[in-house]
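For the protein sequence lines, the chains are A and B, in the order given. Going by the working numbering, the first sequence runs without a break in its numbering and finishes at 851. Going by the working numbering, the second sequence runs without a break in its numbering and finishes at 851.
Check the hints yourself; a few may be wrong.
As the list makes no split between identical chains, a pair holds if one copy fits it or if it spans any two.
Stated by the list, open to error - With a Cα cut of at most 27 Å, we get these calculated DSSO-like pairs of lysine-lysine: (1) Lys-552 x Lys-529; (2) Lys-622 x Lys-753; (3) Lys-622 x Lys-529; (4) Lys-622 x Lys-508.
Please keep in mind that the hints were generated in silico from the structure rather than gathered at the bench.
There are 2 protein chains.
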Amino acid sequence: MEPGKTRDRMTKHTDVNTLGEFGLIDHLTKDIKLNQDSSFLGIGDDAAAIDLGGGKLMVVSTDTMVEGIHFDMMYSPLKHLGYKAVVTNLSDIYAMNAHPKQITVSIAISSKYTVEALDELYDGIKTACSFYNVDLIGGDMTSSPRGMIISVTAIGEGSMDKLVTRTGAKVGDIVCVTGDLGAAYVGLQLLEREKQLYMNQPDIQPELEDSPYLIERQLKPEACRAAVQYFEKSNLLPTSMIDISDGLASELFHIAKASNVGIIVEEAKVPIHDQTQLKALEFNIDPITCALNGGEDYELLFTVAESDLEKVRFMPDVFIIGDVVEPANGVKLFSTGGKLHAMKAQGWNHFTPGE
Amino acid sequence: MEPGKTRDRMTKHTDVNTLGEFGLIDHLTKDIKLNQDSSFLGIGDDAAAIDLGGGKLMVVSTDTMVEGIHFDMMYSPLKHLGYKAVVTNLSDIYAMNAHPKQITVSIAISSKYTVEALDELYDGIKTACSFYNVDLIGGDMTSSPRGMIISVTAIGEGSMDKLVTRTGAKVGDIVCVTGDLGAAYVGLQLLEREKQLYMNQPDIQPELEDSPYLIERQLKPEACRAAVQYFEKSNLLPTSMIDISDGLASELFHIAKASNVGIIVEEAKVPIHDQTQLKALEFNIDPITCALNGGEDYELLFTVAESDLEKVRFMPDVFIIGDVVEPANGVKLFSTGGKLHAMKAQGWNHFTPGE
Numbered sequence: 497m498e499p500g501k502t503r504d505r506m507t508k509h510t511d512v513n514t515l516g517e518f519g520l521i522d523h524l525t526k527d528i529k530l531n532q533d534s535s536f537l538g539i540g541d542d543a544a545a546i547d548l549g550g551g552k553l554m555v556v557s558t559d560t561m562v563e564g565i566h567f568d569m570m571y572s573p574l575k576h577l578g579y580k581a582v583v584t585n586l587s588d589i590y591a592m593n594a595h596p597k598q599i600t601v602s603i604a605i606s607s608k609y610t611v612e613a614l615d616e617l618y619d620g621i622k623t624a625c626s627f628y629n630v631d632l633i634g635g636d637m638t639s640s641p642r643g644m645i646i647s648v649t650a651i652g653e654g655s656m657d658k659l660v661t662r663t664g665a666k667v668g669d670i671v672c673v674t675g676d677l678g679a680a681y682v683g684l685q686l687l688e689r690e691k692q693l694y695m696n697q698p699d700i701q702p703e704l705e706d707s708p709y710l711i712e713r714q715l716k717p718e719a720c721r722a723a724v725q726y727f728e729k730s731n732l733l734p735t736s737m738i739d740i741s742d743g744l745a746s747e748l749f750h751i752a753k754a755s756n757v758g759i760i761v762e763e764a765k766v767p768i769h770d771q772t773q774l775k776a777l778e779f780n781i782d783p784i785t786c787a788l789n790g791g792e793d794y795e796l797l798f799t800v801a802e803s804d805l806e807k808v809r810f811m812p813d814v815f816i817i818g819d820v821v822e823p824a825n826g827v828k829l830f831s832t833g834g835k836l837h838a839m840k841a842q843g844w845n846h847f848t849p850g851e
Numbered sequence: 497m498e499p500g501k502t503r504d505r506m507t508k509h510t511d512v513n514t515l516g517e518f519g520l521i522d523h524l525t526k527d528i529k530l531n532q533d534s535s536f537l538g539i540g541d542d543a544a545a546i547d548l549g550g551g552k553l554m555v556v557s558t559d560t561m562v563e564g565i566h567f568d569m570m571y572s573p574l575k576h577l578g579y580k581a582v583v584t585n586l587s588d589i590y591a592m593n594a595h596p597k598q599i600t601v602s603i604a605i606s607s608k609y610t611v612e613a614l615d616e617l618y619d620g621i622k623t624a625c626s627f628y629n630v631d632l633i634g635g636d637m638t639s640s641p642r643g644m645i646i647s648v649t650a651i652g653e654g655s656m657d658k659l660v661t662r663t664g665a666k667v668g669d670i671v672c673v674t675g676d677l678g679a680a681y682v683g684l685q686l687l688e689r690e691k692q693l694y695m696n697q698p699d700i701q702p703e704l705e706d707s708p709y710l711i712e713r714q715l716k717p718e719a720c721r722a723a724v725q726y727f728e729k730s731n732l733l734p735t736s737m738i739d740i741s742d743g744l745a746s747e748l749f750h751i752a753k754a755s756n757v758g759i760i761v762e763e764a765k766v767p768i769h770d771q772t773q774l775k776a777l778e779f780n781i782d783p784i785t786c787a788l789n790g791g792e793d794y795e796l797l798f799t800v801a802e803s804d805l806e807k808v809r810f811m812p813d814v815f816i817i818g819d820v821v822e823p824a825n826g827v828k829l830f831s832t833g834g835k836l837h838a839m840k841a842q843g844w845n846h847f848t849p850g851e
């Protein structure tokens, strides 16, 4: 149904895709001011922060996953889906260098979902809570005219002297990521391909056995708890940090913009898994494109001062991929061919044509 | 699309409607334990509570509104919708005798929504934030294959010695509500009737002028901030409290069950607005049925000790409607005809048949 009267009254009809997700959020929230003394950090980072006094912060993040956009019931087992819905929110808390402690889960479902289907979904939610040691403390359950919508709010504990935002990167800092990139994206292409084959010929078996890593990265990602624990243990404080949900390029732009710096990443240093390399080439996609623009990796991208180089070198599973430079340089990729290419941030989903 | 493989693997297929909303939540969350020291109050009340130390609590509530279930773009102006999405969540914080301070807003939209439409929605969100003095500190924006989904998380400040849950009602307590009931439900019936007339005959004008109160109660409800401020000012601590979102009967059952008490409400004392009375009769519905089972009133239902009767009498806009009795009495209505009728809790939406 069209939003009839309200729309008729308006003179302009600007398509949301003209602004994109981030432009749209900027547009809608640009005039928002924080009036409460306790509102420490508002819109514009992976999570918001509330001042609890005594240097303590509560860190809060919310994300919604919509069936048909973020997941497909043809290949998303409900248990994995529940797990992923929790993990992607915990990732935002870790990205602030904070520790998730509680979540709330709000679910809307159509009646195609049985009690047993919801049992599987909640099994995944509870498994994630148990593994990451967070409590499910609230939420609601309501009906939907079509499909499932899962909205999770994660709440974590942080402190003012340890909070890491997108704004602190400085020229000369080192740029790092916590793991290989692009695998979740290639995993999604694989699942989509097998779905299409299955739809055309339902008696064939899906061929997913040779790329278990890619499938797992797509369907059951993990959040980077170990990295945040390492930061604490080794007294290492990144100067900026963000989780990689929309693709490395998009996140580099966020840090560059928020910190007012440029960033140069070396293509040869961007970690890409062997399975990602192989399958990407099978799909005729350049593996580096998957890493830059694929998304859903849920690794952490962070910067550290050059003086912390040794600490980062001892950190397990961390890759140094580039340098923070003067803002005039923009965000660039130093290719294996020895050239500098301007990057594009293409991470977000376009708003789909809909009713 | 059917949740194919996962569903095939299961032996049972239990329709979610066999349990109902509350039974379903009980079923899915019955084995959840709270492991974090800071998790003070989990699932089962209007909001959860996190222990901040020193007797301070953070109170958190989440709710999702889905187009086609909770609102209809034919008659919900986007500004009102944004306002209502915030207010219904603040209502849950007030129901804990706490003070809302921050919200996060997560929105999923199809591309039928223009930037101007979202401007109107955010205008309503910001207006509610300004009126209730809460800060919009975070959220996300994503696409949806159909329609709009708005998920709001409200965060408030409370204290251990002032927190009011559903569990404290005692035999002998007085049962109160903060305002008249059933108006939002009759308002919805009016809007639905005019929508049907309009769909059949688009050139006629809607007849809503004679019931402005009912339309406003449905489209732009308010949360009971004044009541919570009065409790604080007059040092009055209700023994239990809940907000009336699913209808008085449903909420009475929640308090009776959580507090292990019975409740008897006098029909003649249930406040019903003149417009509600008139229009309900026009629709051939008993006005008391609208008050008991209508929902979306967002008034507070609370109980106080008999010793606090004088304080309640001085409270503006409060109605004493009944008594807390022994649990064996159940939840009953003492009708104007002088008979005791067992009430039914019928508040929730059934899960609609869907894809």
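Verification of the hints:
1. For the identical chains of this complex, Lys-552 and Lys-529 are neighbours both inside a copy (22 Å) and across copies (25 Å), given an alpha-carbon limit of 27 Å.
2. For a Cα distance limit of 27 Å, the shortest separation of Lys-622 from Lys-753 across copies, 26 Å, qualifies, whereas the shortest one inside one copy, 37 Å, does not.
3. Taking identical chains as interchangeable, the C-alpha atoms of Lys-622 and Lys-529 lie at most 27 Å apart only when they sit on different chains, with a minimum of 10 Å there against 36 Å within one chain.
4. In this homomeric assembly, Lys-622 and Lys-508 come within 27 Å of each other (Cα to Cα) only across copies, at 21 Å, whereas the closest approach inside a single copy is 46 Å.
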